[in-house]
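**Student:** Read off the chains here:
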Amino acid sequence: MSTPSVTASDRGFLGDGKYPGIFGWILSTDHKRIGLLYLYSTMTMFIIGVILGLLVRLELIAPGKTIVSADTYNALFTLHGVIMIFLFIIPGIPAAFGNLFLPIHLGARDVSFPRLNLFSWWLYLTGAILAVTSLFTGGGPPDTGWTFYVPFSVQTTTNVTLAVVAVFILGFSSILTGLNFIVTTHRLRAPGIGWGRLTLFVWTLYATAWVQVLATPILGITVALIFLERVLDVGLFDPARGGDPIMYQHLFWIYSHPAVYIMILPGMGVISEIIPVFARKHIFGYWAMALSGLAIAFAGSLVWAHHMFVSGMSDTAILVFSFLTFIVAIPSAIKVFNWVATLYKGSISLEPPLLYALSFIFLFSIGGLTGLILGAAATDIHVTDTDFVVGHFHYVMFGGTGMAFFGALHYWLPKVYGRMYDKRVATWAWGIIFVGFNLLYFSMMVLGLRGMPRRYYDYVPEFTNLNVLATVGSWILAFGLVVMFINLIRGMISGPDAGMNPWGGKTLEWTIPSPPPTENFAEIPVVTTGPYDYSDEVLAPEARR
Amino acid sequence: MSSEHRDDVGARLGMWLFLYTEVLLFGGLFILYAIYLHQFEEPFANAAHHLNLTLGTINTVILLTGSYFVAMAVSAVRRNRTRLAVGLLLGGVGTGGVFLFNKYLEWSHEIHNGIYPGSPKLLDLERGEAVFYGLYYVTLGLHGLHVLIGSTLLGILAWWVHTGKVNSERFVALENGGLYWHLVDLVWIFIFPLYYLLL
Numbered sequence: 001m002s003t004p005s006v007t008a009s010d011r012g013f014l015g016d017g018k019y020p021g022i023f024g025w026i027l028s029t030d031h032k033r034i035g036l037l038y039l040y041s042t043m044t045m046f047i048i049g050v051i052l053g054l055l056v057r058l059e060l061i062a063p064g065k066t067i068v069s070a071d072t073y074n075a076l077f078t079l080h081g082v083i084m085i086f087l088f089i090i091p092g093i094p095a096a097f098g099n100l101f102l103p104i105h106l107g108a109r110d111v112s113f114p115r116l117n118l119f120s121w122w123l124y125l126t127g128a129i130l131a132v133t134s135l136f137t138g139g140g141p142p143d144t145g146w147t148f149y150v151p152f153s154v155q156t157t158t159n160v161t162l163a164v165v166a167v168f169i170l171g172f173s174s175i176l177t178g179l180n181f182i183v184t185t186h187r188l189r190a191p192g193i194g195w196g197r198l199t200l201f202v203w204t205l206y207a208t209a210w211v212q213v214l215a216t217p218i219l220g221i222t223v224a225l226i227f228l229e230r231v232l233d234v235g236l237f238d239p240a241r242g243g244d245p246i247m248y249q250h251l252f253w254i255y256s257h258p259a260v261y262i263m264i265l266p267g268m269g270v271i272s273e274i275i276p277v278f279a280r281k282h283i284f285g286y287w288a289m290a291l292s293g294l295a296i297a298f299a300g301s302l303v304w305a306h307h308m309f310v311s312g313m314s315d316t317a318i319l320v321f322s323f324l325t326f327i328v329a330i331p332s333a334i335k336v337f338n339w340v341a342t343l344y345k346g347s348i349s350l351e352p353p354l355l356y357a358l359s360f361i362f363l364f365s366i367g368g369l370t371g372l373i374l375g376a377a378a379t380d381i382h383v384t385d386t387d388f389v390v391g392h393f394h395y396v397m398f399g400g401t402g403m404a405f406f407g408a409l410h411y412w413l414p415k416v417y418g419r420m421y422d423k424r425v426a427t428w429a430w431g432i433i434f435v436g437f438n439l440l441y442f443s444m445m446v447l448g449l450r451g452m453p454r455r456y457y458d459y460v461p462e463f464t465n466l467n468v469l470a471t472v473g474s475w476i477l478a479f480g481l482v483v484m485f486i487n488l489i490r491g492m493i494s495g496p497d498a499g500m501n502p503w504g505g506k507t508l509e510w511t512i513p514s515p516p517p518t519e520n521f522a523e524i525p526v527v528t529t530g531p532y533d534y535s536d537e538v539l540a541p542e543a544r545r
Numbered sequence: 546m547s548s549e550h551r552d553d554v555g556a557r558l559g560m561w562l563f564l565y566t567e568v569l570l571f572g573g574l575f576i577l578y579a580i581y582l583h584q585f586e587e588p589f590a591n592a593a594h595h596l597n598l599t600l601g602t603i604n605t606v607i608l609l610t611g612s613y614f615v616a617m618a619v620s621a622v623r624r625n626r627t628r629l630a631v632g633l634l635l636g637g638v639g640t641g642g643v644f645l646f647n648k649y650l651e652w653s654h655e656i657h658n659g660i661y662p663g664s665p666k667l668l669d670l671e672r673g674e675a676v677f678y679g680l681y682y683v684t685l686g687l688h689g690l691h692v693l694i695g696s697t698l699l700g701i702l703a704w705w706v707h708t709g710k711v712n713s714e715r716f717v718a719l720e721n722g723g724l725y726w727h728l729v730d731l732v733w734i735f736i737f738p739l740y741y742l743l744l
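Chains as they are written, first to last, in our numbering: chain R, 1 to 545; chain E, 546 to 744.
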């Protein structure tokens with residue numbers, strides 16, 4: 001490479017901060033340091049969430065009591081949900097990798113509001129600490145499920161009050177990150193970067209940011225109402241006083257369904273970055289990709305009530321929401337087809353990030369297609385509140401966003417730390433994760449089709465075999481994760497020098513040293529081509545045809 | 546290291562986006578209001594007639610006056626009339642204080658009469674009236690909290706104008722603080738007719 005050689009001792013933004021020691025991190029306004037703070041904290045919460053999930057699965061390995069009491073089991077799945085949703089998967093990609101790479105992709109030195117950015121992380125940390133504290137204080141850990149449905153969430157004596165305060169604060173953090181990203185994208189693009197030259201990662205972050213800004217306040221008011229119901233006994237959802245519990249569900253899902261797109265869109269952005277690089281081809285259908293992200297964000301905001309087909313809505317409402325739900329499949333399918341079209345006749349190098357991208361396409365497609373079964377009211381009524389639903393959303397969330405997150409780790413960590421992990425181990429870890437994943441969640445979908453309800457502590461003996469299969473799958477998955485993390489951490493600390501551009505990427509982050517210097521660019525770059533221009537690559541003749 | 550980053554347009558854009566989220570926060574409560582009004586027209590009207598229209602009207606005038614002060618403060622700063630601007634901002638803080646004092650009078654009267662969330666009297670009332678009062682306390686409480694935050698903000702801005710951190714060259718913080726105060730005002734302009742006038 002004809003670039004200035006970067007030695008491992010040149011630590012860029014990882015080097016000395018403005019303040020010594022840890023204060024150089026927790027008081028830093030550098031977007032990359034904040035991104036890493038988010039990465040470390042979300043990964044910690046992910047690991048806690050995984051352990052809780054493993055315990056839930058272990059309890060379900062046999063009918064009756066296995067390791068914990070029914071109450072503890074309720075707390076386990078509630079906390080697994082709260083932690084994974086609000087503390088890992090929503091902030092995961094946008095707050096960690098978005099913070100790390102959005103300004104670099106725009107050719108900017110930082111986000112528009114660096115101090116607000118740091119404040120967001122502090123809010124996240126406060127929310128995380130409160131959420132974990134709610135486990136050990138008050139009348140015991142929350143046991144409502146992550147959805148906090150009334151009336152149970154108002155009546156239960158467990159520590160729901162603190163948990164909803166935590167969620168409120170986390171929502172605030174999410175809003176401020178989204179706001180910052182929107183303004184940054186509008187204001188800080190380097191000369192030459194028009195809307196047609198944004199990377200697709202930036203496009204999806206932009207769409208996500210709008211959902212964050214427009215949907216999260218509704219979550220804020222919803223959990224604030226739960227708080228007030230519990231503290232002041234207002235009775236807005238209490239039928240005895242004229243309230244309506246269904247209204248709670250509407251308010252909750254008006255946020256929480258769009259939140260699904262906060263989770264998945266940045267993941268789709270990561271995949272759209274990885275695939276062109278490892279196929280050595282321009283992304284197929286750039287504008288279709290960019291606009292389908294916005295379309296998903298828009299259409300996804302209109303479909304919340306498909307979570308409520310059996311709650312007692314009118315048939316007309318069910319019909320309308322079912323139809324709208326099906327519409328979201330169109331832009332999602334556009335993305336999947338465009339990724340596949342990009343790969344077609346590409347010069348493919350099967351590196352670890354691409355493996356995760358491919359498993360994203362595979363698993364997300366299964367998750368999306370099973371989503372249609374839930375979107376159609378007739379079939380939904382059969383599988384509502386069964387393990388089928390749980391299997392489905394784990395295919396979307398974990399198989400989609402989770403795989404994208406791991407793909408992002410493998411794709412970008414060499415950039416962030418300037419060191420490369422062991423690719424062979426990474427490939428093995430990917431294989432183990434993939435096998436364990438499918439064993440676990442596919443078994444759950446079959447269980448659900450056969451009638452196993454979700455969130456139940458006990459079940460009839462007929463379901464034992466599939467439950468054992470799922471639990472063993474969870475162990476294989478966890479083992480794969482351990483291998484992956486150890487390999488990544490070892491790579492971070494002592495891997496060989498990765499160089500400036502280990503994958504041959506064309507986006508702006510690959511034009512600066514690894515790890516990037518504190519203000520990213522010595523001089524703000526002037527951009528003259530789109531982000532995926534591989535026209536100068538020498539391809540094998542058959543690939544060119 | 547690098548030149549100072551300053552982007553007034555960006556700062557304004559950020560503030561407007563934030564104000565959107567505030568509107569949506571109250572929007573959730575207005576949705577509840579709309580739906581419950583649809584269900585309980587009679588009880589809502591009965592309960593609304595009971596509220597103190599005089600205090601509500603006075604508070605409307607007070608908030609609008611506060612907004613006027615803040616808007617004038619922005620003009621004053623742009624013309625370098627610092628002392629006037631500080632005075633106007635403190636006037637804004639004062640209107641917030643008076644508003645909250647009136648709210649205190651209004652609420653303590655209601656509570657004295659046994660109308661507060663979860664009160665025994667409320668449980669005896671007709672279904673729907675209890676919901677109205679529930680929404681009344683939640684919505685106006687949330688608005689009152691915003692008045693408190695807005696007043697604090699105006700106080701800080703007055704200090705910044707006084708120390709010269711906000712001046713005729715850089716006043717985007719003042720403009721944004723003013724926008725926040727106008728939002729508090731705007732939300733009240735929806736609350737006032739919905740709860741005091743309409744029914």
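Calculated from the structure, these hints are not laboratory results. Check the hints yourself; a few may be wrong.
[To be verified] Okay, the calculated bits of chain E under chain R, using three or more residues with CB under 8 Å as the criterion:
id: 1; segment: 557 to 566
id: 2; segment: 569 to 578
id: 3; segment: 662 to 670
id: 4; segment: 674 to 687
id: 5; segment: 694 to 700
Note that the Cβ used here is the ideal one computed from N, Cα and C, for glycine as well.
**Student:** Could you run down the list of hints and mark each one as holding or not?
**Tutor:** How the hints compare with the structure:
no.	hint	result
1	557 to 566	holds (count 6)
2	569 to 578	holds (count 8)
3	662 to 670	holds (count 4)
4	674 to 687	holds (count 8)
5	694 to 700	violated (count 0)
When the structure is compared with the earlier hints, a violation turns up for hint 5 alone.
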